[in-house]
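*Asks:* Line by line, the protein sequences are chains A and B. So that you can map any letter, position 83 of the first sequence is 83 in our numbering, and since no number is skipped, the others follow by simple counting. Position in the second sequence (first residue = 1) + 288 = our numbering.
Please note: incorrect hints may appear among the correct ones.
What the hints assert, rightly or not - Just a sample of chain B residues kept apart from chain A, beta carbon distances all over 10 Å, derived:
#: 1; residue: A386
#: 2; residue: R444
#: 3; residue: K489
#: 4; residue: V601
Unchecked claim - Here are the simulated DSS-like cross-link-like pairs (lysine-lysine), alpha carbons at most 27 Å apart as the crow flies:
#: 5; chain 1: A; residue 1: K265; chain 2: B; residue 2: K611
#: 6; chain 1: A; residue 1: K265; chain 2: B; residue 2: K623
#: 7; chain 1: A; residue 1: K228; chain 2: B; residue 2: K324
#: 8; chain 1: A; residue 1: K228; chain 2: B; residue 2: K623
#: 9; chain 1: B; residue 1: K478; chain 2: B; residue 2: K338
#: 10; chain 1: A; residue 1: K160; chain 2: B; residue 2: K570
#: 11; chain 1: A; residue 1: K160; chain 2: B; residue 2: K593
#: 12; chain 1: A; residue 1: K17; chain 2: B; residue 2: K570
#: 13; chain 1: A; residue 1: K228; chain 2: B; residue 2: K611
#: 14; chain 1: B; residue 1: K623; chain 2: B; residue 2: K611
#: 15; chain 1: A; residue 1: K265; chain 2: B; residue 2: K630
#: 16; chain 1: A; residue 1: K17; chain 2: B; residue 2: K481
#: 17; chain 1: A; residue 1: K228; chain 2: B; residue 2: K630
#: 18; chain 1: B; residue 1: K324; chain 2: B; residue 2: K525
Calculated from the structure, these hints are not laboratory results. We treat Cβ as the ideally placed atom computed from N, Cα and C, and that holds for glycine.
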Amino acid sequence: MRTVVCVKQVPDSTTVKFDILTDSLQNVHYIMDPIDEVTVSEAIKIREKAGGEVTAITLGPPRTEEVLRSCLKMGVDRAIHLYDEAFDNLDAYSTSSILARQIAKLQYDLILCGNQSMDEGNGFVGAGIAESLNLPLITAVTRIDIFADTNTAVVHRRLKGGDREIVETPLPAVFTAETVLTSPVYPRLRTILDGLKKNVTRVDAQSSNLDIEDIEPALALLSISQPKPRLKKTATIDSSLSPAERMKLIMSGGVQQKSSKAVAKPPDAAASEIVQFLIDNGIISREM
Amino acid sequence: MAENEHEVTPEASTPLSEQENGSRDVWFFVAHRDGKLEEACLKLAMEARKLADKLGGEALAVIIGKQVKHLPGNLGDYGTDKAVVVEDQHLEVYSGEAYVDVLAQLVESSRPSILLIAASTIGNDLAPRLTARLKASLVTRYTEIEVDKEGKVTARRAVHGGNAQATVRALRKPLIATIDTQLLGLQKAKEAKNTRIAEAKIRIDPKTGITRVIDYLKADPCAVCVSEAEIVIGIGKGLGSVENLAAVDELAHVLGASIGGSRRATDEHWVADERRIGMTGKTISPSLYLICGISGAFHHTLSIKESQLKVVVNTDPNAPIAKMADLMIVGDMQKVIPELTKQLREIVRPTR
Ligand SMILES: Cc1cc2nc3c(=O)[nH]c(=O)nc-3n(C[C@H](O)[C@H](O)[C@H](O)COP(=O)(O)OP(=O)(O)OC[C@H]3O[C@@H](n4cnc5c(N)ncnc54)[C@H](O)[C@@H]3O)c2cc1C
Ligand SMILES: Nc1ncnc2c1ncn2[C@@H]1O[C@H](COP(=O)(O)O)[C@@H](O)[C@H]1O
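Build the full structure now, drawing on both the sequences and the hints.
*Replies:* What follows is the structure, given as structure tokens:
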């Protein structure tokens, strides 16, 4: 089984903050996207069972070589770094087509991506690669079973509320993974030491025969700014409110004032209140 | 593709220059279940109406399935000008491969400005596939779309785990945009429309599917991991003692909920460690989080932000958790929970 894993370096979104004074992201600590740690681990487990090799690939500026080094220490066989100044600030569409072009030159049975990256979360790159390479795509994958003899895979897909759909596909195919796919592998010291000795293959636009003119982004990033308060419900501004109160509602982005409904009632009345709230919000419905 | 319209095709009367650029229409993809429209579709209809007005085009529903002609029913109330319907027995259930083939043909022939899709399990699969096929622009989980005078479309969305917001411009057409419909309220359009129904005939190759669905595993909503559950009941120190667990368990079964807990609750072994919610536990994103006897320490609340609705039951009206509540019940969980179970048993069933 020859598996290609697409990995991405991202700012750790549990620490990153948007700073209004400098109008930029602060507290940026680059890490390997946790979902990609999952896919790399899965690729290594597949290799343990079915044999073959694992190639990690990333597209990004020089600092992103770090994630490939981590992949090598985890035990991947090869690492490819797509870097060119012309690749700076690419949108997901262009990223996927350049990755696909590179993958097309490799031998592969399986391509793994995250379902959604931690920073941008476009949820696109896997689909883009599948379309470029004309391969079957399965999204939201939570389990992979490979059948090398028939060159097929049976995978579980995550649906709503924990339900699963089980899908069979011929290989090669592209899977986009969910974090529950597998737990991370903890490499042995030997694997880590071997990984340290391996090289990262650097590929630029020229060596991948890519004409920069061919890169046609689908989206232009205009700005990164402070997050808006999350829109809970579309504000239907109540005309009985005073202008000041209405203004406050508008300024808060339509977020309904929380805890406006504090109910201190006897248990039966309190329970009725909850029932009505659940009905009003479509969580439950009355039996016909 | 042959369209047999009940009315004159609006596309035919559009000036040529407009046709080259595509139309200014806003489409939305309609998901349905058990022969009914999902509420999410009505919200998309509203959103499509709003954007179509900004663009000066029409709001148009696309409905794909086996027997779906009757579905557009009340879309007119939400301002939908037209519904394009594709019926085929091979389209009865969603398949990414088949649906993308159909939608790609429809979109290519009319070239709308925007196509809205709900960010549901289906939408999250469909939107990127379709974008890749059409070489379109994709914005997932947008919070806002703006249209300038020239009809250029920009969108905003949360990035970096909600710590920042990105503003992007669509460079291609259509902009395929997914939205979390739970964020939208439901309101009828000011002006109801008489939705025209157009049946599109598209040749469907039953063999397009390369992948094959071989089984479906229904989860037990009470057993499922809290991070995947649609309804979560969180219990904390306020439970008081282990004897009160039975009542919570009964409620969980009536509601179809998964039980999780604060660190206090896991430390007391009322709830298994893997069901702890918070910084040292799981992150949840249910439609409903019923929070009983939990004070709301940030170690806990950090991981519950994505919950759509938060109902709190706590004896202390000033507990920090009250600030996050959509509904705050000041009361004793030990009394409210059994009462709630009783009332739910009598009158309701879970919607899912
Ligand atoms: C490093 C670190 C990591 C942590 N990680 C986590 C974590 O992942 N998850 C987590 O939850 N905590 C975590 N904690 C602990 C956290 O700080 C709080 O101590 C904990 O969340 C409190 O649990 P609680 O709300 O159940 O209990 P309490 O804070 O004791 O609150 C009990 C609440 O119940 C109410 N109450 C009492 N009786 C009743 C009744 N009969 N009916 C209704 N309400 C009642 C009270 O008014 C009170 O608000 C962590 C702490 C540290 C230091
Ligand atoms: N620059 C990149 N280099 C390698 N893989 C990437 C890159 N960007 C995205 N991916 C892959 O695509 C997945 C989804 O990313 P996204 O479409 O941004 O949500 C990620 O989890 C990665 O597997």
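*Asks:* Name the hints, by number, that the structure is in violation of.
*Replies:* Result: hints 2, 4, 7, 8, 16, 17 and 18 break, sorted rising.
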